[in-house]
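Novice: Protein chains in written order, with numbering that gives the first Met the number 0: chain Z, 0 to 377; chain W, 0 to 127.
There's no promise every hint is true.
[What the hints assert, rightly or not] Stretch-level coverage of chain Z by chain W, calculated; a stretch enters the list once three of its residues show a Cβ under 8 Å from a Cβ in chain W:
1. 35-44
2. 297-308
[Stated by the list, open to error] Away from chain W, derived, C-beta distances all over 12 Å, residues of chain Z:
3. A127
4. E131
5. E168
6. E186
7. L230
8. A280
9. G350
10. R375
In short, the hints are calculated from the structure, not lab data. Backbone N, C-alpha and C fix where the C-beta goes; we use that ideal spot for every residue, glycine too.
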Amino acid sequence: MTEPSAPPRRTALDEVHRSLGATMTDFAGWEMPLRYASEREEHQAVRTRAGLFDLSHMGEFTVSGPAACDLLDYAFIGNLGSLRTGRARYTMLCDERGGILDDLIVYRTAEDRYLVVANAANAETVLAALRERATGFDAQVADDRDTYALLAVQGPAAAGILARLTDAELEGLRYYAGLPGTVAGAEALIARTGYTGEDGFELFLAPAGAPAVWQALLDAGAEDGLTPCGLSCRDTLRLEAGMPLYGHELSTALTPFDAGLGRTVKFEKPGNGGAFVGREALQEAAARAESAPPRVLVGLVAQGRRVPRAGYAVVSSDGTVLGEVTSGAPSPTLGKPIAMAYVDAEHAVPGTEGVAVDIRGSREPYDVVALPFYKRER
Amino acid sequence: MSNPQQLRYSKEHEWLSEPVDGVATIGITAHAADALGDVVFVQLPDTGDTVSAGDTCGELESTKSVSDLYSPVSGEVTEVNQDVVDDPALVNSAPFEGGWLFKVRLDPSGAPDDLLSADEYTAFAAGN
């Protein structure tokens with residue numbers, strides 16, 4: 000954990016952000032760009048053209064060695080042994096009780112080597128858990144947070160822009176795959192991943208070279224309207240795409256089954272005799288989810304204009320509490336306020352009538368919809 | 000954006016015009032609009048409402064947050080800016096002009112004497 004009194008960390012692109020006039024914000028102990036100008040224009044740039052993000056606050060850890068695969072199968076809820084080299088997978092770190100400690104992406108960069116990418120706010124937790132759980136495994140856990148800067152190019156024009164600067168075969172690079180290559184002369188892990196609901200790439204590269212790559216991308220993307228984008232629009236983009244955010248939709252109080260993400264739990268793993276941290280609790284959670292459906296994560300779309308925020312109650316027309324908003328924002332794409340909320344199963348069906356959000360004492364009518372709010376055309 | 004010299008300012012980041020026939024126009028400053036980010040919803044008092052200096056009288060909702068709107072003066076609301084209700088982005092694009100919020104007929108006691116001049120407010124906002 001970052002001490003509250005510790006000065007915020009700055010990324011390799013800090014001077015670039017300041018020269019662009021970014022509004023900076025403290026995020027999980029890092030000073031990050033919130034927005035450069037209008038967050039709505041940045042959002043629209045990603046939806047219609049392309050946006051460039053500095054995500055260097057994310058936590059990277061390398062797990063390597065003969066038993067790297069066994070360690071990850073023991074430490075995480077997914078089956079990482081079945082992940083082929085060059086591919087990536089979304090998975091979670093759970094505690095013994097099945098509570099979610101973090102959601103993360105694991106890239107298999109070689110047969111015996113994985114790159115784990117954790118949320119900034121949970122990076123220390125993930126590192127500590129990996130090190131603790133590594134006991135008895137012939138595997139090493141390396142803290143690579145200072146090894147990588149992370150840039151993301153997201154949007155329909157992203158592939159065309161990146162293609163001008165790389166020798167990598169982007170056409171053969173599938174969604175949730177990554178391969179080594181150079182970008183504007185700098186060595187990088189080029190991954191086709193993102194958190195925006197658009198096609199796009201995440202580039203893991205040495206911090207020292209990051210400012211030059213950032214500028215090269217902006218130059219190469221100028222004709223396509225590539226726009227520097229801050230964390231504010233990243234949040235509205237992921238919300239429209241129905242993607243969970245740790246601390247909002249996910250927490251230690253919830254198991255993956257409570258979060259509607261039970262499919263990420265793999266009880267059939269070849270390594271370690273199928274043992275993994277949280278297994279027993281998660282089997283109970285799976286059975287519980289069958290017999291007594293938990294609250295369901297749904298989408299809410301406002302009929303009015305007032306914006307729901309995390310923590311606001313979802314209520315029926317007579318004021319009975321039906322659930323709670325976990326994330327809410329004005330949706331630039333829909334032109335209306337939207338929210339994700341956990342709602343009692345009987346009120347979670349899309350089209351359920353009489354659902355409202357208590358917005359500072361006023362009951363505002365909302366439509367229950369299936370997630371995501373936005374899906375790109377392929 | 001510099002703060003117009005002819006206006007007075009509150010520490011809640013509202014501006015107040017020089018009253019004409021006892022009626023002053025009220026808005027939020029460019030500094031406040033920048034801090035909020037894109038304003039997406041504005042709730043203003045109704046025409047005819049009585050507002051009190053320092054009390055909340057509406058809301059400004061942006062992408063990231065909601066903020067209370069305070070009246071810098073006491074009096075009766077004589078007009079609200081329907082343009083800004085229909086297009087809240089005016090608060091960001093023209094906070095001192097087309098993005099004004101409402102007009103108040105000041106109580107006989109007039110404006111509070113703790114309002115700031117443009118230079119005082121500029122210094123105050125820089126320290127925030």
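Novice: Next, verify each hint and record whether it holds.
Specialist: Do the hints match the structure? See the list:
1. Counting residues of the region 35-44 of chain Z whose C-beta lies closer than 8 Å to any C-beta of chain W gives 3; at least three are required, and the coverage claim holds.
2. With 4 residues carrying a beta carbon less than 8 Å from a beta carbon of chain W, the region 297-308 of chain Z meets the three-residue requirement, and the given coverage holds.
3. The Cβ of A127/Z lies farther than 12 Å from every Cβ of chain W, with a closest approach of about 31 Å, so its non-interface assignment holds.
4. Distance check for E131/Z against chain W: the nearest CB is about 36 Å away, which clears 12 Å, and the non-interface claim stands.
5. Every CB of chain W lies more than 12 Å from the CB of E168/Z, the least distance being 38 Å, so the non-interface label holds.
6. The non-interface label for E186/Z is consistent with chain W: the shortest C-beta to C-beta separation is roughly 36 Å, beyond 12 Å.
7. Taking the minimum C-beta to C-beta distance to chain W, about 10 Å, the non-interface status of L230/Z is violated against the 12 Å cut.
8. With a least CB separation of 35 Å from chain W, A280/Z remains clear of the 12 Å interface cut-off, as annotated.
9. At roughly 25 Å, the least C-beta separation between G350/Z and chain W is larger than 12 Å, which holds for a residue marked as non-interface.
10. With a least beta-carbon separation of about 21 Å from chain W, R375/Z lies farther than 12 Å from that chain, consistent with its non-interface assignment.
When each numbered hint is compared with the structure, a violation occurs for hint 7 only.
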